[in-house]
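Colleague: Listed below are the residues making up each chain.
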Amino acid sequence: MTEEIIIAGFGGQGVLSMGKIMAYSAVMQDMEVSWMPSYGPEMRGGTANVMVIISDERISSPIIRNFDTAIILNQQSLDKFEESVKPGGMLIYDSNGITRHPERKDIKIYMVDAAEEAGRMKSPKTFNMIVLGGFLKVKPVIRLENVIKGLKKSLPERYHNLIPMNEKALERGMEIIREV
Amino acid sequence: MKGNEAVAEAAIRAGADGYFGYPITPQSEILEYLMEAKPHERTGMVVLQAESEVAAINMVYGGAACGKKVMTSSSSPGISLKQEGITYIAGAELPCLIVNVVRGGPGLGTIQPAQSDYFQATKGGGHGDYHLIVLAPSSVQEMADFVELSFELAFKYRNPVMMLSDGAIGQMMEKVWLKPQKERSKTVPEWATTGKPPTRERVIITSLDLDPHRQEKFNEKLVSKYNEIREKEVRFEELSCEDAEYIFVAYGTSARVCMKAIQLARAQGIKAGLLRPITLFPFPSKRLNELSGRARMMVSVEMSAGQMVEDVMLSVNGRIPVYHFGRMGGIVTTPEEVVDFLKSKI
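Chains as they are written, first to last, in our numbering: chain C, 1 to 180; chain G, 1 to 346.
Calculated directly from the structure, the hints in this document are not laboratory data.
All values reported here derive from a predicted model rather than from experimental measurement.
Take the hints with a grain of salt, since some may be wrong.
Stated by the list, open to error - Straight-line alpha carbon distances no greater than 30 Å define the calculated DSS-like cross-link-like pairs of lysine-lysine that follow:
1. G:271 - C:152
2. C:20 - G:175
3. G:271 - C:86
4. C:152 - G:343
Chain C on its own, in the form it takes in the complex (with noise of 0.2 Å):
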């Protein structure tokens, strides 16, 4: 099994983290993994993106052009990656400030409006593990209790009282995940 995911937003919307998490999470698992950021002048406000790939064998070539799954949380992003996707792959957005929705027909897509859950629970911070919640939902690569035992790893200490919330919000995002 190999899993070949990019994930894109803006900086500050936790894109870097949620792949860091992912990457801790599938490291408990015992698997081979790798999380190559897009670095540079970058900015909250700026496009950030992360590759991750998770995969049973030796990871080849950390930088791709295709995946298996984006997840995508504005427009420039789903502009840019939305071509990227592999023919039979999936593409998992919210819908938050988007205007032009995706259009391919050869990929499944999937809708997890996490900005606006985020919001309802009055913990806006947790919007990426919502949108995490709702990709384990539909691509179960990494069981639950390694990605909580992957939030201990990738969270500094002062942080862990923090947890309960981030594993609700991850069950909220596979709750409210939906196909398109």
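For this one, chain C is given, so just place chain G on it according to the hints.
Modeller: Same frame as chain C, but now just chain G:
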């Protein structure tokens, strides 16, 4: 962990005595990690942010002259600034580790990954006839493993060693197994300058000899050292070369891209393989020459305008066609582009 962090943690665990550096993207995490890890509390290792790259490399020169396991790191423009110190260290036959997390150039260039410092790393870089031993990690695991290997080689040959990495491997996170903590050495080699006890003559470390005859003897000594290194220390990895008609030659991030390119090419019935040099100096020329006896073509894939390709051509010596393919300016080649290029040449 990130490739840069792996270098830093591996340096502490390898029992390094000192790190001297100056921040520059994309390698600043090395210095940041070391500052945060407080190795002076763990092993007594000194970590110092110098006032400039030039100061940092000269601190390395001083530390190495005292027989200590010392290192520095930087990225392309910073490595250029260090060249004077590096040639002095080579000329004084001192061991040290220099990590270059390469970014696009020339000049300040970009902060994105590149492999355009190959000539600088393998052909000298500074003035005078000298070579660094150059190791090219292509994973976060190798970023960690090659630190200890670099120190071993540096002390074995009394020669500076460079780890030639790039921004992608420095910034990327992968799984990594770290070795247990090694104790810092309590003794120093006898060539080290540590003051004059009554029992022996003083040790002088210098790269200056005004007598041309003595200097030539010294140059000859260096040449025989480099020849010994060429003989004994060549390292490389081969992937799917057994039946390959087309062989990619690539190191670092480009080698990873080529691993995927091989899979894509073979799925289309093209027998591709990869020779990944792990040491860039010494270069695996002999092996490439052997492979050119049965392969039809070689493609040197580098994120540069074509640098290593010259060494591939020299190794193959005209026997089969050799091409260069690569992107520049901080753009990483994709596996699909590599396969398309190969197909265009078949």
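Colleague: Starting from residue 152 of chain C, check that the Cα of residue 343 of chain G is at most 30 Å away, please.
Modeller: 47 Å, violated
Colleague: Do the alpha carbons of residue 271 of chain G and residue 86 of chain C lie within 30 Å of each other, as the hint requires?
Modeller: Roughly 24 Å separates the two Cα atoms, so the pair holds.
Colleague: Below or equal to 30 Å on CA atoms is what counts here, so check residue 271 of chain G against residue 152 of chain C.
Modeller: 45 Å, violated
Colleague: Would you mind confirming whether the straight-line C-alpha gap from residue 20 of chain C to residue 175 of chain G stays at or under 30 Å?
Modeller: 12 Å, holds
Hint compliance for this structure: hints 1, 4 are broken, all remaining hints hold.
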